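So the chains spell out like this:
There are 2 protein chains.
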Amino acid sequence: MEIKERIIKKSKELFFRYGVKSVTMDDIANELGISKKTIYLHFEDKDDIVYQLFLGEMVEDKCEWDDLYNTSSNVIERMVKSMELIKQAFSEVNPTTLFDIKKYHPRAWNIFQEHKQRFILENLKKDLVEGIEQGYFRSEIKIDILAKMRLEQIEMGFDPHIFSITQHTLVEVQLELLDHFIRGVLTNKGTQIYNEYQPK
Amino acid sequence: MEIKERIIKKSKELFFRYGVKSVTMDDIANELGISKKTIYLHFEDKDDIVYQLFLGEMVEDKCEWDDLYNTSSNVIERMVKSMELIKQAFSEVNPTTLFDIKKYHPRAWNIFQEHKQRFILENLKKDLVEGIEQGYFRSEIKIDILAKMRLEQIEMGFDPHIFSITQHTLVEVQLELLDHFIRGVLTNKGTQIYNEYQPK
Numbered sequence: 564m565e566i567k568e569r570i571i572k573k574s575k576e577l578f579f580r581y582g583v584k585s586v587t588m589d590d591i592a593n594e595l596g597i598s599k600k601t602i603y604l605h606f607e608d609k610d611d612i613v614y615q616l617f618l619g620e621m622v623e624d625k626c627e628w629d630d631l632y633n634t635s636s637n638v639i640e641r642m643v644k645s646m647e648l649i650k651q652a653f654s655e656v657n658p659t660t661l662f663d664i665k666k667y668h669p670r671a672w673n674i675f676q677e678h679k680q681r682f683i684l685e686n687l688k689k690d691l692v693e694g695i696e697q698g699y700f701r702s703e704i705k706i707d708i709l710a711k712m713r714l715e716q717i718e719m720g721f722d723p724h725i726f727s728i729t730q731h732t733l734v735e736v737q738l739e740l741l742d743h744f745i746r747g748v749l750t751n752k753g754t755q756i757y758n759e760y761q762p763k
Numbered sequence: 564m565e566i567k568e569r570i571i572k573k574s575k576e577l578f579f580r581y582g583v584k585s586v587t588m589d590d591i592a593n594e595l596g597i598s599k600k601t602i603y604l605h606f607e608d609k610d611d612i613v614y615q616l617f618l619g620e621m622v623e624d625k626c627e628w629d630d631l632y633n634t635s636s637n638v639i640e641r642m643v644k645s646m647e648l649i650k651q652a653f654s655e656v657n658p659t660t661l662f663d664i665k666k667y668h669p670r671a672w673n674i675f676q677e678h679k680q681r682f683i684l685e686n687l688k689k690d691l692v693e694g695i696e697q698g699y700f701r702s703e704i705k706i707d708i709l710a711k712m713r714l715e716q717i718e719m720g721f722d723p724h725i726f727s728i729t730q731h732t733l734v735e736v737q738l739e740l741l742d743h744f745i746r747g748v749l750t751n752k753g754t755q756i757y758n759e760y761q762p763k
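Order-wise, the sequence lines are chains P and H. If you read the first sequence in my numbering, its first letter stands for residue 564, the second for the next number, and so on. If you read the second sequence in my numbering, its first letter stands for residue 564, the second for the next number, and so on.
By construction, these hints were calculated from the structure, which means they are not laboratory data. If you're wondering where the values come from, they're calculated on a predicted model, not measured in any experiment. Wrong hints could be hidden among the right ones.
Where chains are identical, the list cannot tell them apart; a pair therefore holds if satisfied intra-copy or between any two copies.
No farther apart than 27 Å at their CA atoms in a straight line, the calculated lysine-lysine pairs in the BS3-like style are these [what the hints assert, rightly or not]:
#, residue 1, residue 2
1, Lys689, Lys584
2, Lys572, Lys689
3, Lys625, Lys689
4, Lys688, Lys575
5, Lys705, Lys752
6, Lys600, Lys644
7, Lys599, Lys584
8, Lys666, Lys689
9, Lys665, Lys679
10, Lys567, Lys609
11, Lys752, Lys625
12, Lys666, Lys679
13, Lys644, Lys705
14, Lys689, Lys650
15, Lys573, Lys689
16, Lys752, Lys573
17, Lys752, Lys600
18, Lys644, Lys666
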C-alpha cells in the first residue's frame, strides 16, 4: 500500500475509534511508525486528512450502494441488506466522530452534506417510488417529506446529545430508526415480505 | 380582558403570522391602538413578551393534553385526535416563528426545550408503553430511542431549511411525520384500528 493510503487508512481507524478531536498528528505518526514530516509531505494538516478521507468514503459509499442495487431483487431486500452495511460500517465507530467533523472540519462536513443531498436523498426517493410501484409501500406517502425526514434521521442518530452513548450503541440507534422508517411506509403486502427477512 | 393579556394575545397573533423577528414593539402597539409606553409598563422588551407568551403556551399545551387523555378511550384515538390539535394549532403559524425564537430568544427557547424533555417526552413514552400493553404497538420497539426520535422529528418539521415552506405547509409536514411515526410502531391489530379512524 502506498504511504498516503496507509496514512488515510490508519487515520480512519483512529478517528472512528476515538473521535477526530482527540487524535493528533503525533498519534497518527506514532501508530504508523513514521515521522510527522512524512505525513506533512502528503497532507497540509489534520483537516486535510479528514477531508481526503471523507472524499474517499463518499466514493466507497456510492460503490456499496451501486452494489446493493445490482444484487437485490426488490427494494425491501435492498433495505434489509443495507442494515447489514450499517452494522459493518458503524459497529466500530465512535459516535462523536461525525460531530467532531461537523464542529471542527467544515470542509469535510460540506462534502458529506452534498453527498447527503445529492446521492442519499435521490436514492431514497428512487427507493420509495419503486416500493410504491411494486405495491410494498403505501401509495399515499408524501415521498419528498419522508425522504427528507429520513435523511435528517440518519444524522440525528449520530448526535450524542440526543442519543446518549452510555444508553445505546450507534448501531442499535441506527437500526431501530431504519426499521421504524421502513415499517412506517409498508403496505400489508410489504409487511409480510419484510417480516420474512427478519431474523427469527 | 386585562391589558397585559391583550398584549400577549395580539403578539402571539402577529408572531405566528409574520415570525418573531419582523414584528416590532411599534407594530404591536399600533395593532392594539395603545402606546409603546403602556407595553413597557408590563414587559421589559420584546424578548420578555416572547418569554411570557411561551410560558402561557406551555401551560395551555399541558391542559390540552390532559384533556386528550381524559376524552379518548385508547392511545390510537388519542393520537388521531392530536392530529386535529396540530391542524388547529399550526394552520395559521408561520414556520419561521419557532426558528426565530431558537435564534433570537434563548430564554423562551429554553422553556420549550424543558417542556419537550419533561412533558412531551414523558407523555410519548407513556403512550408507547400503553400502546404495547393494549396490543396496538409492536412489543419489540425500543421506546426510549423512538420517543427521542419523535421529539426531534416534531422540531425538524418546523425547520424551513429542511422542509421548504414553498413546497409544503407546516401542517402538511407535521401530519405526514406523525402519521408515519404512528404507522411505524403499529401491530396488525393496531393498523386495523388506526385505519378505521382515517377519513375515507
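Status of the hints after comparison with the structure:
no., hint, in the structure
1, Lys689 with Lys584, "neither (36 Å within a copy, 38 Å between copies)"
2, Lys572 with Lys689, "neither (32 Å within a copy, 46 Å between copies)"
3, Lys625 with Lys689, "within (15 Å within a copy, 41 Å between copies)"
4, Lys688 with Lys575, "neither (30 Å within a copy, 37 Å between copies)"
5, Lys705 with Lys752, "both (19 Å within a copy, 24 Å between copies)"
6, Lys600 with Lys644, "neither (42 Å within a copy, 65 Å between copies)"
7, Lys599 with Lys584, "within (17 Å within a copy, 50 Å between copies)"
8, Lys666 with Lys689, "neither (31 Å within a copy, 35 Å between copies)"
9, Lys665 with Lys679, "both (14 Å within a copy, 25 Å between copies)"
10, Lys567 with Lys609, "within (13 Å within a copy, 56 Å between copies)"
11, Lys752 with Lys625, "neither (30 Å within a copy, 39 Å between copies)"
12, Lys666 with Lys679, "both (17 Å within a copy, 25 Å between copies)"
13, Lys644 with Lys705, "both (24 Å within a copy, 21 Å between copies)"
14, Lys689 with Lys650, "within (23 Å within a copy, 30 Å between copies)"
15, Lys573 with Lys689, "neither (35 Å within a copy, 46 Å between copies)"
16, Lys752 with Lys573, "neither (46 Å within a copy, 51 Å between copies)"
17, Lys752 with Lys600, "neither (60 Å within a copy, 65 Å between copies)"
18, Lys644 with Lys666, "neither (31 Å within a copy, 40 Å between copies)"
Checked against the numbered hints above, the structure violates hints 1, 2, 4, 6, 8, 11, 15, 16, 17 and 18; every other hint is satisfied.
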